[in-house]
Amino acid sequence: MPRRGAKYFFWNNQGANGAIPTGDSVKKIVVPGEKISDTPFMAETTYVEGNKTYASVAGMMDEENKFVPTKSVYSPRQGDAVVGIVVYIRGNGYKVDLNLPFEGFLSGKDTRVPFSMGEIMFGKVKDVDEVGNVDLVDVRKLAPGKIIEFPAAKVPRLIGKRNSMLNTIMQGTGTEVYVGNNGYVWLSGGDIGLALKAIDMVSRKSHVSGLTNEVADFVAKHKSE
Amino acid sequence: MGGGEKPKLIIDGKRIDGRGMDDLRPVKVEAGVLNEAEGSAYVEWGGNKVIAGVYGPRECIPKHDANPFKALVKCRYTMSPFASKEEHSRSGPNRRSIEISKVIREVFESLVITELFPMTQIDIFVEVLQAEGGTRVSAITAAAVALADAGIPMKDMVSGVAVGKIEGEIAVDLGREEDNFGESDVPMAISSRNKDILLLQMDGLLTKEEFARAVDKAISASDKLHALQTDAIVRSYEKLESEGLEL
Numbered sequence: 001m002p003r004r005g006a007k008y009f010f011w012n013n014q015g016a017n018g019a020i021p022t023g024d025s026v027k028k029i030v031v032p033g034e035k036i037s038d039t040p041f042m043a044e045t046t047y048v049e050g051n052k053t054y055a056s057v058a059g060m061m062d063e064e065n066k067f068v069p070t071k072s073v074y075s076p077r078q079g080d081a082v083v084g085i086v087v088y089i090r091g092n093g094y095k096v097d098l099n100l101p102f103e104g105f106l107s108g109k110d111t112r113v114p115f116s117m118g119e120i121m122f123g124k125v126k127d128v129d130e131v132g133n134v135d136l137v138d139v140r141k142l143a144p145g146k147i148i149e150f151p152a153a154k155v156p157r158l159i160g161k162r163n164s165m166l167n168t169i170m171q172g173t174g175t176e177v178y179v180g181n182n183g184y185v186w187l188s189g190g191d192i193g194l195a196l197k198a199i200d201m202v203s204r205k206s207h208v209s210g211l212t213n214e215v216a217d218f219v220a221k222h223k224s225e
Numbered sequence: 001m002g003g004g005e006k007p008k009l010i011i012d013g014k015r016i017d018g019r020g021m022d023d024l025r026p027v028k029v030e031a032g033v034l035n036e037a038e039g040s041a042y043v044e045w046g047g048n049k050v051i052a053g054v055y056g057p058r059e060c061i062p063k064h065d066a067n068p069f070k071a072l073v074k075c076r077y078t079m080s081p082f083a084s085k086e087e088h089s090r091s092g093p094n095r096r097s098i099e100i101s102k103v104i105r106e107v108f109e110s111l112v113i114t115e116l117f118p119m120t121q122i123d124i125f126v127e128v129l130q131a132e133g134g135t136r137v138s139a140i141t142a143a144a145v146a147l148a149d150a151g152i153p154m155k156d157m158v159s160g161v162a163v164g165k166i167e168g169e170i171a172v173d174l175g176r177e178e179d180n181f182g183e184s185d186v187p188m189a190i191s192s193r194n195k196d197i198l199l200l201q202m203d204g205l206l207t208k209e210e211f212a213r214a215v216d217k218a219i220s221a222s223d224k225l226h227a228l229q230t231d232a233i234v235r236s237y238e239k240l241e242s243e244g245l246e247l
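Here the protein sequences come in this chain order: D and U. Numbering follows my numbering, with no gaps: position 221 of the first sequence is 221. Numbering follows my numbering, with no gaps: position 90 of the second sequence is 90.
Derived by calculation from the structure, the hints in this document are not laboratory data. Even glycine gets a Cβ: it sits at the ideal position worked out from N, Cα and C. Among the hints, a few may not be true.
Said to hold, decoys possible - Here are the simulated DSS-like pairs of lysine-lysine, each with C-alpha atoms no more than 25 Å apart in a straight line:
id, chain 1, residue 1, chain 2, residue 2
1, D, 28, U, 28
2, D, 221, D, 197
3, U, 224, U, 28
4, U, 217, U, 8
5, U, 28, U, 85
6, U, 155, U, 102
7, U, 195, U, 28
8, D, 52, U, 155
9, U, 70, D, 95
10, U, 195, D, 35
11, U, 155, D, 66
12, D, 223, D, 197
13, U, 63, D, 95
14, U, 8, U, 85
15, D, 35, U, 224
16, U, 63, U, 74
17, U, 224, U, 239
18, D, 66, U, 239
19, U, 70, D, 126
20, U, 195, D, 52
21, U, 224, D, 28
22, U, 239, D, 28
23, D, 28, U, 195
24, D, 197, U, 239
25, U, 224, U, 195
26, D, 161, D, 28
27, D, 141, D, 124
28, U, 155, D, 35
29, U, 195, U, 74
30, D, 28, U, 155
31, U, 102, U, 195
32, D, 197, D, 146
To be verified - Some chain U residues well away from chain D (every beta-carbon gap over 10 Å; in silico):
id, residue
33, 64
34, 98
35, 169
Kindly generate the complete structure, drawing on both the sequences and the hints.
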């Protein structure tokens with residue numbers, strides 16, 4: 001079997017041991033079905049079989065040997081902050097596009113602000129029923145702006161510890177940014193182009209450690225030009 | 001199918017393309033090749049070229065098919081009109097592609113954790129651009145990487161490999177001539193961790209002992225394929241990182 005152009009190639013059958021150097025640290029990439037712990041624990045992206053825990057999506061092990069999913073499908077949870085677009089108006093409320101298989105619902109009782117078609121909101125998930133229908137609450141209307149889709153698994157990275165990443169991007173570019181757990185990101189004002197590039201950088205390099213500083217340098221460098 | 005004179009399949013212990021009995025054809029796997037699909041993969045396996053794209057979970061259509069307890073897995077396998085020497089006037093559904101779509105769907109129905117996404121469907125599209133024997137196992141290998149790339153929760157990865165009998169010997173990964181003129185062809189899909197057999201079809205005949213040997217050989221071949229699939233996923237992160245650097 002010829003080795004075909006792979007830079008990092010691990011010929012072993014014990015599952016993925018691919019490690020890619022990312023800056024100063026080396027993280028181990030995990031593929032679905034790979035064992036991540038000898039003790040059982042439940043998470044959305046893991047499953048337990050025979051008292052051992054296995055990954056169900058691709059991800060990586062961080063410095064503390066904790067599993068971090070990097071690719072996953074968003075499933076809404078109570079209390080999630082989401083960005084949504086009104087797609088349908090009903091007598092008793094609004095149907096809201098949330099980047100999910102089904103539209104969410106905002107009851108007219110839960111909002112004093114009237115919405116019209118295509119308007120953007122930032123709200124909270126009030127409740128998720130057993131088939132995944134979402135009810136919204138605590139919504140705020142957002143001005144017309146740009147909405148992009150961001151991989152939901154990487155949203156925590158875009159927000160950063162205590163909003164550090166988000167503040168870096170917002171202060172550096174002067175753009176107002178709202179990030180939903182559902183992967184919709186709303187941007188308005190300032191240097192949107194630079195903000196989009198910074199967000200793209202977070203998406204592509206989400207597995208790199210020390211990314212906040214890297215993004216700060218990037219924004220500072222391109223802002224002066 | 002095939003036609004023509006039966007060529008000699010084993011010459012001096014080597015197979016028609018110079019391989020040993022346990023050797024796979026050269027396999028190349030690439031993850032994340034399509035922009036618009038949620039997950040995608042491309043597999044070159046000898047003369048096979050297969051591209052797979054995954055969408056979903058998304059709203060189930062038609063709606064009355066939706067299951068309130070789990071997601072439906074749907075698969076469409078098609079072979080391009082220009083894929084092989086034989087005539088494929090249209091690439092649309094025909095007897096062969098409907099059968100293969102069904103067996104691929106059943107492989108992934110037992111791997112994807114469908115209970116997480118009630119009322120939805122997950123679509124797997126596989127297009128064979130070029131065929132040289134063993135397209136269904138190439139398709140399964142590609143689709144597994146595409147599903148992992150899409151982030152759809154799966155219990156395990158899976159890879160497919162065909163094992164068969166040519167001129168009385170058990171050989172791994174049959175090519176076109178070996179498939180057409182050999183005695184037996186057994187495509188299998190084997191999960192990476194548990195070695196569960198998720199697809200097993202058989203053309204021709206094998207004795208019990210030959211069958212046991214064929215399964216053993218398929219399992220060791222699937223380990224090699226799993227390493228390649230993993231490597232493709234690892235490289236997709238690098239690719240993502242390097243593509244974004246031009247500004």
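Right, here's what the structure says about each hint:
no. : hint          : in the structure
1   : 28/D / 28/U   : holds (22 Å)
2   : 221/D / 197/D : holds (13 Å)
3   : 224/U / 28/U  : holds (12 Å)
4   : 217/U / 8/U   : holds (23 Å)
5   : 28/U / 85/U   : holds (22 Å)
6   : 155/U / 102/U : holds (20 Å)
7   : 195/U / 28/U  : holds (22 Å)
8   : 52/D / 155/U  : holds (13 Å)
9   : 70/U / 95/D   : holds (23 Å)
10  : 195/U / 35/D  : holds (15 Å)
11  : 155/U / 66/D  : holds (19 Å)
12  : 223/D / 197/D : holds (12 Å)
13  : 63/U / 95/D   : holds (18 Å)
14  : 8/U / 85/U    : holds (20 Å)
15  : 35/D / 224/U  : holds (19 Å)
16  : 63/U / 74/U   : holds (14 Å)
17  : 224/U / 239/U : holds (22 Å)
18  : 66/D / 239/U  : holds (24 Å)
19  : 70/U / 126/D  : holds (23 Å)
20  : 195/U / 52/D  : holds (17 Å)
21  : 224/U / 28/D  : holds (20 Å)
22  : 239/U / 28/D  : holds (16 Å)
23  : 28/D / 195/U  : holds (23 Å)
24  : 197/D / 239/U : holds (17 Å)
25  : 224/U / 195/U : holds (13 Å)
26  : 161/D / 28/D  : holds (22 Å)
27  : 141/D / 124/D : holds (12 Å)
28  : 155/U / 35/D  : holds (11 Å)
29  : 195/U / 74/U  : holds (23 Å)
30  : 28/D / 155/U  : holds (19 Å)
31  : 102/U / 195/U : holds (21 Å)
32  : 197/D / 146/D : holds (14 Å)
33  : 64            : holds (15 Å)
34  : 98            : holds (26 Å)
35  : 169           : holds (19 Å)
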